[in-house]
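Chemist: Turn these sequences into a full structure, and let the hints steer you where they fit.
Listed in order, the protein sequences are those of chains S and E.
First residue of the first sequence: 1, per full-length UniProt numbering; consecutive thereafter.
First residue of the second sequence: 1, per full-length UniProt numbering; consecutive thereafter.
Heads up, some of the hints might be wrong.
What the hints assert, rightly or not - Among chain S residues calculated to face chain E with C-beta under 10 angstroms, some are:
id : residue
1  : SER45
2  : LEU98
3  : ALA105
4  : LEU115
5  : ASP221
6  : SER222
7  : TYR223
Stated by the list, open to error - Chain E stretches covered by chain S per the calculated footprint, using a threshold of three residues with CB under 8 angstroms from any CB of chain S:
id : region
8  : 13-19
9  : 418-428
What the hints contain is simulated information worked out from the structure, not anything from laboratory work.
If you're wondering where the values come from, they're calculated on a predicted model, not measured in any experiment.
Even glycine gets a Cβ: it sits at the ideal position worked out from N, Cα and C.
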Amino acid sequence: MIQAKGLEKKYGQGELQVVALKSLNIEIKDREFVAVVGPSGAGKSTLLYQLSLLDRPTAGEVIVNGHNTSELNEAEKTQIRLRDFGYVFQDYALLPELSTIDNVALPMLMQGMGLGSARRQALQSLARVGLEGKKNNRPSQLSGGQQQRVSIARAIAHNPRILFADEPTANLDSQNARHVIETFAELHRSGQTIIMVTHEQEYAEQTSRIIAMKDGAVVSDSYTPSSN
Amino acid sequence: MSASEKIKEYKNALRVGWFLAYRQIRHAGKGTTSLIIFIMVLTFLNLVVVSGLLVGLIAGSFQQFREGYSGEVIITPAPGRSYVENSAPLISYLENHPGVSTVSPRHSTSAQILGTLSDLPEKNERPNRIGARLVGIDPGREEALTRFSRFVAYGENLRPDQEGYILIGANLLKKYSSFADANIPGLDLLKDVDVGSRVRLTITLTDGAVVRKDFTVKGVLKSKIDEVSARIFITDKELKRMLPINQEQFQEIAVRSDYARAPALVSELKEFMGSHAALIQTTDQAIPSFLRDIETTMGILGNALSSIALVVASITIFIVIFINAVTKRKFIGIMKGIGISPQAIQFSYVLQALFYGLSGSFLGLILTFGVLKPYFNAHPINFPFSDGILVATPDGAAVRVIILVVVTLFAGYIPAKLIVRRNTLDAILGR
Numbered sequence: 001m002i003q004a005k006g007l008e009k010k011y012g013q014g015e016l017q018v019v020a021l022k023s024l025n026i027e028i029k030d031r032e033f034v035a036v037v038g039p040s041g042a043g044k045s046t047l048l049y050q051l052s053l054l055d056r057p058t059a060g061e062v063i064v065n066g067h068n069t070s071e072l073n074e075a076e077k078t079q080i081r082l083r084d085f086g087y088v089f090q091d092y093a094l095l096p097e098l099s100t101i102d103n104v105a106l107p108m109l110m111q112g113m114g115l116g117s118a119r120r121q122a123l124q125s126l127a128r129v130g131l132e133g134k135k136n137n138r139p140s141q142l143s144g145g146q147q148q149r150v151s152i153a154r155a156i157a158h159n160p161r162i163l164f165a166d167e168p169t170a171n172l173d174s175q176n177a178r179h180v181i182e183t184f185a186e187l188h189r190s191g192q193t194i195i196m197v198t199h200e201q202e203y204a205e206q207t208s209r210i211i212a213m214k215d216g217a218v219v220s221d222s223y224t225p226s227s228n
Numbered sequence: 001m002s003a004s005e006k007i008k009e010y011k012n013a014l015r016v017g018w019f020l021a022y023r024q025i026r027h028a029g030k031g032t033t034s035l036i037i038f039i040m041v042l043t044f045l046n047l048v049v050v051s052g053l054l055v056g057l058i059a060g061s062f063q064q065f066r067e068g069y070s071g072e073v074i075i076t077p078a079p080g081r082s083y084v085e086n087s088a089p090l091i092s093y094l095e096n097h098p099g100v101s102t103v104s105p106r107h108s109t110s111a112q113i114l115g116t117l118s119d120l121p122e123k124n125e126r127p128n129r130i131g132a133r134l135v136g137i138d139p140g141r142e143e144a145l146t147r148f149s150r151f152v153a154y155g156e157n158l159r160p161d162q163e164g165y166i167l168i169g170a171n172l173l174k175k176y177s178s179f180a181d182a183n184i185p186g187l188d189l190l191k192d193v194d195v196g197s198r199v200r201l202t203i204t205l206t207d208g209a210v211v212r213k214d215f216t217v218k219g220v221l222k223s224k225i226d227e228v229s230a231r232i233f234i235t236d237k238e239l240k241r242m243l244p245i246n247q248e249q250f251q252e253i254a255v256r257s258d259y260a261r262a263p264a265l266v267s268e269l270k271e272f273m274g275s276h277a278a279l280i281q282t283t284d285q286a287i288p289s290f291l292r293d294i295e296t297t298m299g300i301l302g303n304a305l306s307s308i309a310l311v312v313a314s315i316t317i318f319i320v321i322f323i324n325a326v327t328k329r330k331f332i333g334i335m336k337g338i339g340i341s342p343q344a345i346q347f348s349y350v351l352q353a354l355f356y357g358l359s360g361s362f363l364g365l366i367l368t369f370g371v372l373k374p375y376f377n378a379h380p381i382n383f384p385f386s387d388g389i390l391v392a393t394p395d396g397a398a399v400r401v402i403i404l405v406v407v408t409l410f411a412g413y414i415p416a417k418l419i420v421r422r423n424t425l426d427a428i429l430g431r
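Modeler: Written out as structure tokens, the structure reads:
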């Protein structure tokens, strides 16, 4: 479970200060598939960065499984990100010099797993997204949709507690975007907690819960019919 | 975190760093990689070859001195003495010593040599006569020790059974001397003397008696060793007949042995000689200290010049790693974002720098010891006073490898640290 209590994020100072998040209180339970929606500048991605410990809030707390992360140093946060979180970035974010299987295996190597074990587990993860046949290809040899699915495979390979996805369909055509959302839905059905930022209402409605934001605040927080 | 946990964390970071570095090097452009390694090779060669050649200018003359005159051990009269005492037993000891391969005893004395047999010069003209050191050699032993015949540039070498023949060093003859055009005051050279000329040798003995004999010039000796090119040579049999000297009274005994063993041999000889007086030295001890000082100065100069190359190489590596890391700033941020430790990322760049340094050093070693050193040994640089060689030892090269690698590691570590410590989110978003 992940909680935000009185979460604030401000950029700049004085007259130029921008309030990106206004004292948010959110609780996301295990196994939820949450979409964070809203217009540009609503603070969606800023919220994601705070919850995923990529950024430090100006005020408030992020509590992960009962632990207050505001007291952790950068190395400890890195450990949490490595062990408990998975990320899917908007632009795939695969390392160009690594093959597909090595990109997926990298976080597990960092966790201390041997290369052989990491690759076996990476292959299983690639199989879940239907790309085990592309294990030796480099990212430049894959389509955008395939790269995003590899990114998903990397994010879930180490069985994270929470999967964060920042606009995962933004750079994809509609067919590939649907494939990605279907993959997320399948992961959710198998018990994965997912927090996804998206512009697309159509995709948001395929999640179990929608948090709508505007001007740094939550304007609505409701469960979707598909959550039943 | 406990110490063992920290060590485990570092080992893991090193493992992941190696994983990334290996793939980054494989993925890098072959042209760029080759160029960087080429720069490292040049830097290594600069470190070794520049100082090696500067030192080799002098070391070449030392080597020629050893190979062409003194051997590894040279025995001369003690100060105040005119011959090596106890010469015969000493020579017998040397000839039976397992560490000695060749011995060449030599008689020598001062002499005058007249270039024209008539001693009546024209008015205001100096006689065609010079003073020089006369050396009596056993041609066979001298050949075994110094390959003496290679110095005979014109004419032929002496034969043990011949009499009446003389070899003259080129620097004593106006026709062949390197100093002929110099017009140095006080420097006399024999005019109109060449192979086949008749010359008169005059030796003044200690009791004032004068010995004269005419010789035919059989050959002219050319060498950068003064002890060859500025002396005159006849067979020792003939010299002993001219002089009322004790057969055992040698003025020089040159010994060929193993260079590394020479100091120990000197100690053994001193012990053998006991109270008998002689100056027993290794070649290194016999070389004048001012030449040693020149050698040291050349080495310092070479190291100073090489340091400049080292600075250039370290800046090159710094720039390469810095540009690499800056252009991959976003990916570095993403790696940190997904939990890859900053240490692992830094290690990947340091290991890349290490790869360049080690590759350059390895290729540099092959070039130095496999190509350059044999080449300069076979084709030394022709300096007026010596044949310049390349002085490069495994120990010296190893030190330079370590220096280059350490400098490279720092040059790779600093830019990696600068880039990796930037804010993770800023790097991901390209801010």
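Chemist: Each hint: holds or not?
Modeler: Hints and how they fare:
At a threshold of 10 angstroms, the smallest CB-CB gap from SER45 (chain S) to chain E is about 9 angstroms, leaving the interface hint in force. A distance limit of 10 angstroms between C-beta atoms decides the matter here; for LEU98 (chain S) the minimum to chain E is near 6 angstroms, and the interface restraint holds. This hint holds: ALA105 (chain S) has a C-beta 9 angstroms from the nearest C-beta of chain E, less than the 10 angstroms allowed. Annotation: LEU115 (chain S) was flagged as interfacial toward chain E, and the flag holds, the nearest CB pair being 7 angstroms apart, inside 10 angstroms.
Given the 10 angstroms rule on beta carbons, the hint for ASP221 (chain S) is violated: about 25 angstroms separates it from the nearest Cβ of chain E. For SER222 (chain S), the interface hint is violated, the least distance from its beta-carbon to any beta-carbon of chain E being 29 angstroms, above 10 angstroms. Of the supplied interface hints, the one on TYR223 (chain S) is violated, with its beta-carbon coming no nearer than about 30 angstroms to a beta-carbon of chain E, more than 10 angstroms. Coverage of a stretch by a chain is defined here by at least three residues with a beta carbon nearer than 8 angstroms to that chain's beta carbons; for the region 13-19 of chain E and chain S the count is 3, and the condition holds.
A stretch counts as covered by a chain when three or more of its residues have a beta carbon under 8 angstroms from one of that chain; for the region 418-428 of chain E and chain S the count is 3, and the coverage holds.
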